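*Asks:* If you want the building blocks of each chain, they are given just below.
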Amino acid sequence: MKSDFTPPIGKISNINGQCISLIGNDIDTDRIIPARFLKCVNFDSLGESVFEDDRKTLKGKHPFDLEENKNASILVVNSNFGCGSSREHAPQALMRWGIKAIIGESFADIFYSNCIAIGIPCFTLPKKSIEEIQNYCNNQSLLLEIDLKNSLAKSKDLNFNLEIKESSKKMFLSGEWDATAILLEKSSLVERKYKELPYIKFIKVV
Amino acid sequence: MSQDTLFDKVWDLHKVSSLPGGSDQIFIGLHLIHEVTSPQAFGALKDKKLKVKFPDRTVATVDHIVPTDNQSRPFKDSLAEQMIETLEKNCLEHNIRFFNIGSGNQGIVHVVAPELGLTQPGMTIACGDSHTSTHGAFGSIAFGIGTSQVRDVLATQTLAMNKLKVRQIWCDNKLSKGVYAKDLVLHIINKLGVKAGAGFAYEFAGPAIHELSMEERMTICNMSIEGGARCGYINPDAKTFSYIKNKLYAPKNEHWDRALRWWESLKSDENSIYDDVIKLDASKVEPTVTWGITPGQSISINQQIPLLDELSPNDKLVAEEAYEYMSFKPGQLIKDTPVDVCFIGSCTNGRISDLRVAAKVLKGKKVSKNVKAFAVPGSEKVATEAKQEGLDQIFKDSGFQWREPGCSMCLAMNSDKLIGNQVSASSSNRNFKGRQGSPSGRTLLMSPAMVAAAAINGKVSDVREFIN
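Those protein sequence lines, which keep their order, are chains A and B.
For what it's worth, my numbering labels the leading residue of the first sequence as 1, then goes sequentially.
For what it's worth, my numbering labels the leading residue of the second sequence as 1, then goes sequentially.
With the rest of the complex left out, here is chain B (with noise of 0.2 Å):
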């Protein structure tokens, strides 16, 4: 059992209670709801005549089912309409903080939280989303809960949990030019597998880490949930001070000196143990692409789709299948497969240091013709800060559409949208069957960077060659 870890600190001092069948009631410092799933929750609060416990812990914004073209009211989609409108309602009625479209903090809920300073290091952080997990970058807990929980979070402040194990993931030296946060974490997902990180929060360390931006480091503890832990952290350093310092919600005065005193002391010790370590290479990543229906089902750029007789037993039931769905033949090259829709985008790559990478690719280079390629801010202040910076331009003039900011076609769930068998190059989370909302689309999930390489080209390209 892992002790004096950052996990085992947290989860000890949010503990409220040990319940009689074993688990902890564990206290939630910031819940995050947003319109999906939280109607049901408040449906529930209704049926069980009961309050929200503290209105000033939960915050809400709207962003899987928000437009990304046109954004004015009613939405044309009406089933979207009801569910902002219900939101709006939820929010009134039971005194929550909404940040709607148009207040100019809308946007992605994992994007919003850490851009207001909300999330901080040492908090527990609960989300109705299952990459709530990005907010452990900061030093904090945090994970994806269902309707049920956030019906209780709303009603308790609490939850009912078993404590997790914690593993480290230690990456060494650092990565090489071309190879983003996004490379790395999909490297560390087809290692270890998909289903590895089940009854583990993942601790990301060691020097490839602390050398990332907080914004890449976002972009791992995203996708921890992609490897099957429900949390993943990073212990915090002076970047993750110097990320929440001054921002709307951050500690001001004289409580940010007390909370920087207590954030220091928050870190895994030391002499910490973990239920398990593992320990790979940074420098050895390379540009990753996934060829599969999981994300584990990745190769490096110029890797071939492994034959059968290469994968573990218990790999080639899903690969079978993922060969079949991707129309892929084992042994081929990814290198140079033909794409026909590029996004940019989503939780796991959606901020301004992800346009800004993307941008550098696509100056002055122009969009291939048989590519439709659209970029959506993660929030509205991301799209403020590109549209300052230019970036929004250096995307037109390229031939990339530029977006209202929302989850858009991470999960299709507006009118972003496969269509038929398309192939999308995609910097989200997710390449499961039916993902990007045709029943036969296929994703390739890659970083913000091969994306625009890949839009450029039309097919799958290695973004060094463009990055010298």
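Chain A with its partners taken away, still in its complex shape (with noise of 0.2 Å):
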């Protein structure tokens, strides 16, 4: 885990790292981060416990323990990456480790929408594409970088035209990922759809 942790702010327009490379279909978030560690009231200690149960697993074989992907922060995944729970703890574990994005065949929603919300951008690409990637780390470093205008990913030996949301691009670019203040902007809008909604005079709760 790296100590110094900033989070990402404002508009993020390129990546450059170093890949680090996952491989397996339908990774949950239990997976990512298991369970017990979701017994906290913020997310500062999350990094340390990315992959914990396979970590332990696997003795120090697992990705995430292997000295030349310490410094890593581009991830390279299969296919309904981050299935299951909800859990913003995933990417928020992923991130404090490191990965400030991620490449794969398939994200499940809720991860993507959660990666969005906080700085993460995904990027899809073809199965050959991604184990193409994944073989090339498994032989030698891989340093890319993302250019997300363009959605390219370029290197010494391969490149890669990225395919990404549209609508996410735009977040990204402009720095609106961070939702509140656009959300905030329409609250006269919100405002009148409030008296506007049938059922909302049905239920008083407080």
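None of these hints come from the bench; they were simulated from the model.
Simulated crosslink set (DSBU-like; lysine-lysine; CA at most 35 Å straight-line): (1) A/201 - B/89; (2) B/369 - B/459; (3) A/186 - B/9; (4) B/89 - A/186; (5) B/247 - A/204; (6) B/51 - A/201; (7) B/191 - A/128.
Cβ-Cβ distance ranges computed for the label pairs, FRET-style: (8) B/47 - A/185: 17 to 23 Å; (9) A/71 - B/303: 45 to 51 Å; (10) A/166 - B/467: 51 to 57 Å; (11) A/147 - B/95: 43 to 49 Å; (12) B/396 - A/71: 54 to 60 Å; (13) A/196 - B/370: 57 to 63 Å; (14) B/4 - A/59: 54 to 60 Å; (15) A/201 - B/396: 42 to 48 Å; (16) B/370 - A/14: 55 to 61 Å.
As the structure is a prediction and not an experimental result, all values here were calculated from the model.
Glycine residues also receive a C-beta, built at the ideal position from the N, C-alpha and C atoms.
Mind assembling these two chains? They're in different frames, but the hints should get you there.
*Replies:* Take a look at the structure:
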């Protein structure tokens, strides 16, 4: 875990870093951060516990324990990454370990939304390209330069056209991935909606 | 793109604005919170100097971390105590209704909101929990969110979201005897896969679905997320309305008549357009059990664990991982697999009808000596009702432990955990590696009736042999 963690702020347009490959489909958020670490009222110490059980099982051979990966920041995964529980603790733990972007075959919906909400761009690539990156990472370190505006990933040997949802891309480039401010802007429309909705008057819970 | 489905109607009704990036700003009609995913959201509000926009649209309860053996305060686990205290303080400070332990209304958030009548057709419902899809059983659009989105709902009562596509899952005929909603949803997840629902809302429809009780419908919608769909729903009908009527927060008097007329109008139109339609025959579904490490890895009780060659190329990687983790051999029968722990509870199957079905199997029988079995009612209301019906006594007489309400060993955030590589027969929703509290623990998901049958025999069994 990096001791100098600072959360991302504002516009995100370029991410340069070393790739770390994690092979496996359907890696769920319970595996990313087991439930016992959810007993906390802040996210601060989650980085050290990321993949705790998988890492213990592999006794130092898990990608997140390998010396050559200790400065990696771009995670490369397979399909349906982050499925299961909605716990934001999962991307928070990855981010606090040092992950700044994820490239995968596909992501689970809630995990993907959580990543956007905390400033981790998630890109997709076809299975074949992911395997190409993962194979490359097995043999040597891969330093990737991601240009979000043009959805390009460049390195010495490999180049890829990354895919990212247009709405997500715009949010990162404008800094609006931290959605609270933009949602607050429409507060008069929200108040009107509150008055208009047929069921608001049915239920008063306070 | 879908048109005139209930999803489209409810989405359009709740749309506040189109955001510059292309997503929609959606009003959230009911926000449910609990102790695990809300503290950081309240912390963020404080950092940003924001208030809760509409405290009357948020309701809280405590479920994930509560002990089920001794609930007296302070909890033995100081971290759990800190979490409940933080929730108490946040609710008090922000004037949010909190159903605490002992209120008579505490329980698993997805059990509590429907039984209080808070969950109603046509609403948007969000909660920092992936099983929020449960509430779609009432014809609401309900989905799980993360903590930053909990912060956004608290601060603005809205979310920035991309509209989902809609897949209709049409279920013909009806379930046969000894086959339950849990079997049907496990079957659906197996057929479609655990990631097929990404980007979709699932509309469960057809005669087999409308035959189901409201609690069974909740079981179906609850596990939409296990099929990758963060939202699943069922068009409301007379059963929906009669379930809600007279509940604590149900519309009353003239509001009831108005609500009913509005709810009737929400259903997907007969000629509505779906992005995808899947049809299946519910009468063919048999009691179903998971054998692997994803909820999609399931088979019928009399089937063998699939051979690698029988699986599609995409499923092979995780199947190999599953054989190894579960210590199962391809081709092995799932029936007669010895079990160590039997758990009945959770937001999937911890409701009164689940306990009734299990009690019927257990009545007059004894739990196998080799099995630790426990039942955890989904809420204080469920527990009270079960006691009034004498179900708790049937469970206790059979050798089951009878516990206090909470999430318990579904995710093992309290002291209810598997030990070592124990095998559990569980009525919960996830069989992920380590899910039930032991990094090598093994989970077999099944219906509550099947868990009861496994408890008696000490091994995976066909419940149809118990109910004739």
